[in-house]
Amino acid sequence: MSGKPRLTYINGRGRMESIRWLLAAAGVEFEEVFLQTREQLLKLGQDGSLLFHQLPLVEIDGMKLVQCRAILSYIAGKYNLYGKDLKERALIDMYVEGISDLMQLILMFPFSPPEAKEKKIATIAEKATERYFPVFEKVLKQHGQDFLVGNRFSWADVQLMEAILAVEEKVPSVLSGFPQLQAFKTKMSNMPTIKKFLQPGSPRKPPPDENYVATVMKIFKLD
Amino acid sequence: MSGKPRLTYINGRGRMESIRWLLAAAGVEFEEVFLQTREQLLKLGQDGSLLFQQVPMVEIDGMKLVQTRAILNYIAGKYNLYGKDLKERALIDMYVEGMADLYDIIMNHDFKPANEKEKDLANIMDKATNRYLPVFEKVLKDHGHDFLVGNKLSKADVSLLENILWLEELKPDALAKFPLLQSFKARMSNMPNIKKFLQPGSAKKPLIQEKDIPNVMAIFH
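In order, the protein sequence lines correspond to chains V and Y. Under the UniProt record's numbering, residues 1 to 223 are what the first sequence spells out, in order. Under the UniProt record's numbering, residues 1 to 221 are what the second sequence spells out, in order.
This is chain V alone, in the form it adopts within the complex (with noise of 0.2 Å):
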């Protein structure tokens, strides 16, 4: 064993996204292992790795984690990206939570019918424009920092850049009225850790496409 972490998921974003930013952000290497059988996943629950009988998975410091918002939380809390004290991680719980409610509704898209798809991504545009950017442009504007809590690089920074450019994979103009959103976009893209997430060949994985709705199904088996 490498001592890396190592993710166990689909060939996709999906719900391990998330954590592979956060991982990048922070600057840690980590191996990924694909399933592409729903057997694999069975095995899996089979043999006592999966806690609940679902993925994400994480091997880290010895624990198999599973549920993301307990992997994230414990990647964060250990690399520093949970601010200085309580106060400032509820902040960053209640940004991270805000954020992660729009994220839904772009996990969700892919599986969307075809006939529904433009009604979902008015609703993605709507919601991001009038409920979450706002607050975001706010604080950043209220506060004058670079960065959303404690003057200081955060997992909220991290998920809003992932949210932001999931959103602009969708409706690209979307940052039009959110000047200071657009500058922190910048900034998070020049940050080297994100630039090197950003550039191909990076464990960033692509938008889902049909094959990665296919093999969500098969696998998952969703119901």
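In short, the hints are calculated from the structure, not lab data. Just so you know, even glycine gets a beta-carbon here, dropped at the ideal spot from N, CA and C. Treat each hint with caution, since some may be false.
[Unchecked claim] Here chain V is said to cover these stretches of chain Y; the calculated rule only asks that three of the stretch's residues, wherever they fall, bring their Cβ under 8 Å from a Cβ of chain V:
(1) 61-67
(2) 128-138
[As the list claims (entries may be wrong)] Capping the alpha-carbon separation at 27 Å, the derived lysine-lysine pairs in DSS-like fashion look like this:
(3) V/Lys205 x V/Lys221
(4) V/Lys84 x Y/Lys4
(5) V/Lys221 x Y/Lys119
(6) Y/Lys119 x V/Lys218
(7) Y/Lys138 x Y/Lys87
(8) Y/Lys78 x V/Lys87
(9) Y/Lys78 x V/Lys78
(10) Y/Lys195 x Y/Lys4
(11) Y/Lys152 x V/Lys78
(12) V/Lys87 x Y/Lys64
(13) V/Lys119 x V/Lys170
(14) V/Lys221 x Y/Lys112
(15) V/Lys119 x Y/Lys112
(16) Y/Lys141 x V/Lys64
(17) V/Lys84 x Y/Lys152
(18) V/Lys120 x Y/Lys112
(19) V/Lys64 x V/Lys205
(20) Y/Lys87 x V/Lys84
(21) V/Lys221 x V/Lys117
[Stated by the list, open to error] If you want a taste of the chain Y side facing chain V, the calculated C-beta under 10 Å gives, among others:
(22) Gln54
(23) Ile71
(24) Gly77
(25) Arg89
(26) Ala90
(27) Leu91
(28) Val96
(29) Asp101
Fit chain Y to the known structure of chain V by using the hints.
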């Protein structure tokens, strides 16, 4: 202002109940504001009290916290219900997140149309008895301690008790196959703060009544 945390939600369980449970288990008294109309919710959103225009909202230590998990994590951290280090926190988070998945389907059960209720209940019990409860039965069996993590009360124990009790309200024999969870339930119910919370007159909310459902739906759309 009294200095006590102040909770803003509807007069019902929903996404605020876990927070009531955790504060009660920590022995913290709190005040509650109950929304009764959509207009009240919208007004709160307009005056800047709700970061993402949503409740639950908890005013605590000078902050207006929203997002259930952020609130629970803050309370757990403040009142030492979050383990002693990062690894214990990871275990607690893992257990709580698993239970949150179960809690979501339990919470939504009351809002299912009558003709779907039976199937929904069967699904809940299937997930509970085959996916979630066995995990915690095994955790308790493997270490033989009273509490799930680190031999100390944490938000994982409070969450498990809350879920167990709600499951039993839906199906009284939900714990039939889980002897260690039965004794866990008995032990936890006898802890002074929790015992007090389980008594009539406490802040614990009853199951929603059929007649109140339309109003709740109207508030949240």
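Do the hints match the structure? See the list:
1. With 5 residues bearing a CB less than 8 Å from a CB of chain V, the region 61-67 of chain Y meets the requirement of three and the coverage assertion stands.
2. Counting residues of the region 128-138 of chain Y whose beta carbon lies closer than 8 Å to any beta carbon of chain V gives 3, which reaches the threshold of three, so the coverage claim holds.
3. A distance of roughly 22 Å separates the Cα atoms of V/Lys205 and V/Lys221; the hinted pair therefore holds under the 27 Å criterion.
4. A threshold of 27 Å between alpha carbons decides the hint, and for V/Lys84 with Y/Lys4 the separation of about 25 Å falls inside it, so the pair holds.
5. The straight-line distance between the Cα atoms of V/Lys221 and Y/Lys119 is roughly 19 Å, inside the 27 Å bound, and the hint therefore holds.
6. For the given pair, Y/Lys119 sits about 24 Å from V/Lys218 by alpha-carbon distance, which is consistent with the 27 Å threshold.
7. At most 27 Å may separate the alpha-carbon atoms for a hinted pair to count; Y/Lys138 and Y/Lys87 meet this at roughly 19 Å.
8. Among the hinted pairs, Y/Lys78 with V/Lys87 is consistent with the structure: their alpha-carbon atoms are about 10 Å apart, no more than 27 Å.
9. As the CA atoms of Y/Lys78 and V/Lys78 are separated by approximately 19 Å, the hinted pair is consistent with the 27 Å bound.
10. Restraint check for Y/Lys195 and Y/Lys4: satisfied, since their Cα atoms lie roughly 21 Å apart, inside the 27 Å limit.
11. Restraint check for Y/Lys152 and V/Lys78: satisfied, since their Cα atoms lie roughly 22 Å apart, inside the 27 Å limit.
12. Between the alpha carbons of V/Lys87 and Y/Lys64 the distance comes to roughly 11 Å, so the proposed pair stays at or under 27 Å and holds.
13. Restraint check for V/Lys119 and V/Lys170: satisfied, since their Cα atoms lie roughly 12 Å apart, inside the 27 Å limit.
14. In summary, the hint linking V/Lys221 to Y/Lys112 is supported, as the alpha carbons are separated by about 23 Å, within the 27 Å threshold.
15. Taken as a hint, the V/Lys119 and Y/Lys112 pair is honoured in the structure, with Cα atoms around 25 Å apart against an allowance of 27 Å.
16. The straight-line distance between the Cα atoms of Y/Lys141 and V/Lys64 is roughly 19 Å, inside the 27 Å bound, and the hint therefore holds.
17. Between V/Lys84 and Y/Lys152 the CA atoms are separated by roughly 25 Å; this keeps the pair inside 27 Å, and the hint holds.
18. In summary, the hint linking V/Lys120 to Y/Lys112 is supported, as the alpha carbons are separated by about 24 Å, within the 27 Å threshold.
19. Taking the CA atoms of V/Lys64 and V/Lys205, the gap is about 23 Å. The hint holds against a cut of 27 Å.
20. About 18 Å separates the Cα atoms of Y/Lys87 and V/Lys84, which keeps this hinted pair within 27 Å; it holds.
21. Taking the CA atoms of V/Lys221 and V/Lys117, the gap is about 22 Å. The hint holds against a cut of 27 Å.
22. Look at Y/Gln54: its Cβ gets to within about 9 Å of chain V, closer than 10 Å, so that hint holds up.
23. Annotation: interface hint on Y/Ile71 holds; nearest CB of chain V at approximately 8 Å, less than 10 Å.
24. For Y/Gly77, the shortest C-beta to C-beta distance to chain V is roughly 5 Å, which falls under 10 Å, so the interface hint holds.
25. For Y/Arg89, the interface hint holds, the least distance from its beta-carbon to any beta-carbon of chain V being 7 Å, beneath 10 Å.
26. Checking Y/Ala90 against chain V by beta carbon gives a least distance of about 4 Å; that is within 10 Å, so the hint holds.
27. Interface restraint check for Y/Leu91: the shortest CB-CB distance to chain V comes to about 8 Å, inside 10 Å, so the restraint holds.
28. Here the hint on Y/Val96 is kept, as its CB sits about 8 Å from the closest CB of chain V, short of 10 Å.
29. With a least beta-carbon distance of about 7 Å to chain V, the hint placing Y/Asp101 at the interface is held under the 10 Å criterion.
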